[in-house]
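*Asks:* Please build the complete structure, drawing on both the sequences and the hints.
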Amino acid sequence: AQKVTQAQTEISVVEKEDVTLDCVYETRDTTYYLFWYKQPPSGELVFLIRRNSFDEQNEISGRYSWNFQKSTSSFNFTITASQVVDSAVYFCALRGYSTLTFGKGTMLLVSP
Amino acid sequence: KAGVTQTPRYLIKTRGQQVTLSCSPISGHRSVSWYQQTPGQGLQFLFEYFSETQRNKGNFPGRFSGRQFSNSRSEMNVSTLELGDSALYLCASSSGGVGETQYFGPGTRLLVL
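Chains A and B supply the protein sequences, listed in that same order. Read in order, the letters of the first sequence are residues 17 to 128 in our numbering. Read in order, the letters of the second sequence are residues 3 to 115 in our numbering.
Think of the hints as simulated: they come from the structure by calculation, not from any bench. In this text, all values refer to a predicted model and were calculated from it rather than measured experimentally. Do not rely on the hints blindly, as some may be mistaken.
[Unchecked claim] Below, in silico cross-link-like pairs of lysine-lysine (DSBU-like), each with a Cα-Cα straight-line distance of 35 angstroms or less:
(1) B:LYS15 - A:LYS86
(2) B:LYS59 - A:LYS32
(3) A:LYS19 - B:LYS15
(4) A:LYS120 - B:LYS59
(5) A:LYS54 - A:LYS19
(6) A:LYS32 - B:LYS15
(7) B:LYS59 - A:LYS54
[Unchecked claim] Some residues of chain B that are not near chain A, with every Cβ distance over 10 angstroms (derived):
(8) ARG17
(9) GLY30
(10) PHE52
(11) GLU54
(12) GLN104
Just so you know, even glycine gets a beta-carbon here, dropped at the ideal spot from N, CA and C.
*Replies:* Here you go:
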């Protein structure tokens with residue numbers, strides 16, 4: 017069975033601070049895919065990034081960056097210079113050969 | 003390209019009734035998945051359809067069922083509603099490959115009284 021753990025339940029920061037959301041996963045599948053989604057108060061899950069298990073290249077996209085480390089089974093997500101509009105619940109998800117499994121989510125609150 | 007649409011957006015039912023939720027995927031997508039989101043259990047997978055066939059099924063009772071039509075649109079049905087079925091039901095579509103990104107609709111908020 018596969019599992020995704022987001023140990024941080026809630027994070028509060030002040031605007032312009034950098035924030036990192038942690039994600040640790042477990043799977044026995046040799047090929048798998050990792051995702052981050054954002055869920056604002058409206059409820060819709062918004063796709064942010066997808067990484068496959070054989071691509072450990074980390075990336076920066078605007079204020080977002082991702083750190084995928086297979087050795088520690090972690091797929092962390094960082095927001096640089098956070099903004100109030102970043103306030104949302106962030107979900108890490110894993111898909112191996114079967115279904116997409118989500119973590120419990122981390123609520124990020126960015127205050128002005 | 004239009005996103006995933008779900009109807010209705012909000013629904014109030016009473017215990018014992020049944021409900022049907024609808025999902026229209028992104029044009030060209032052949033896979034539709036359904037999830038239930040509750041504060042206590044988080045996001046839980048219900049089922050996945052690809053080309054009108056159920057490809058995967060989550061650990062939910064038989065009261066939860068679904069189907070997919072030839073145009074890839076999907077419906078899910080919950081019979082004999084229970085209070086615990088109150089949740090946000092999310093539909094997602096993808097091109098169909100196992101690792102392909104799933105794009106989510108706005109969800110249907112179901113309240114069972």
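*Asks:* All hints are to be evaluated individually against the structure, with a verdict given for each.
*Replies:* Evaluated hints:
1. B:LYS15 - A:LYS86: violated, 46 angstroms
2. B:LYS59 - A:LYS32: Status violated; Cα separation ~43 angstroms.
3. A:LYS19 - B:LYS15: Satisfied, since the Cα-Cα distance of roughly 33 angstroms is no more than 35 angstroms.
4. A:LYS120 - B:LYS59: holds, 20 angstroms
5. A:LYS54 - A:LYS19: At roughly 19 angstroms apart (the allowed maximum being 35 angstroms), LYS19 (chain A) and LYS54 (chain A) satisfy the hint.
6. A:LYS32 - B:LYS15: violated, 44 angstroms
7. B:LYS59 - A:LYS54: holds, 24 angstroms
8. ARG17: holds, 24 angstroms
9. GLY30: Given a closest Cβ separation of 16 angstroms, the condition holds.
10. PHE52: At roughly 12 angstroms from the nearest Cβ of chain A, PHE52 (chain B) sits farther out than 10 angstroms, so the non-interface label holds.
11. GLU54: holds, 19 angstroms
12. GLN104: Not fine: 6 angstroms to the nearest Cβ puts GLN104 (chain B) too close to chain A.
Checked against the numbered hints given earlier, the structure breaks hints 1, 2, 6 and 12 and satisfies all the rest.
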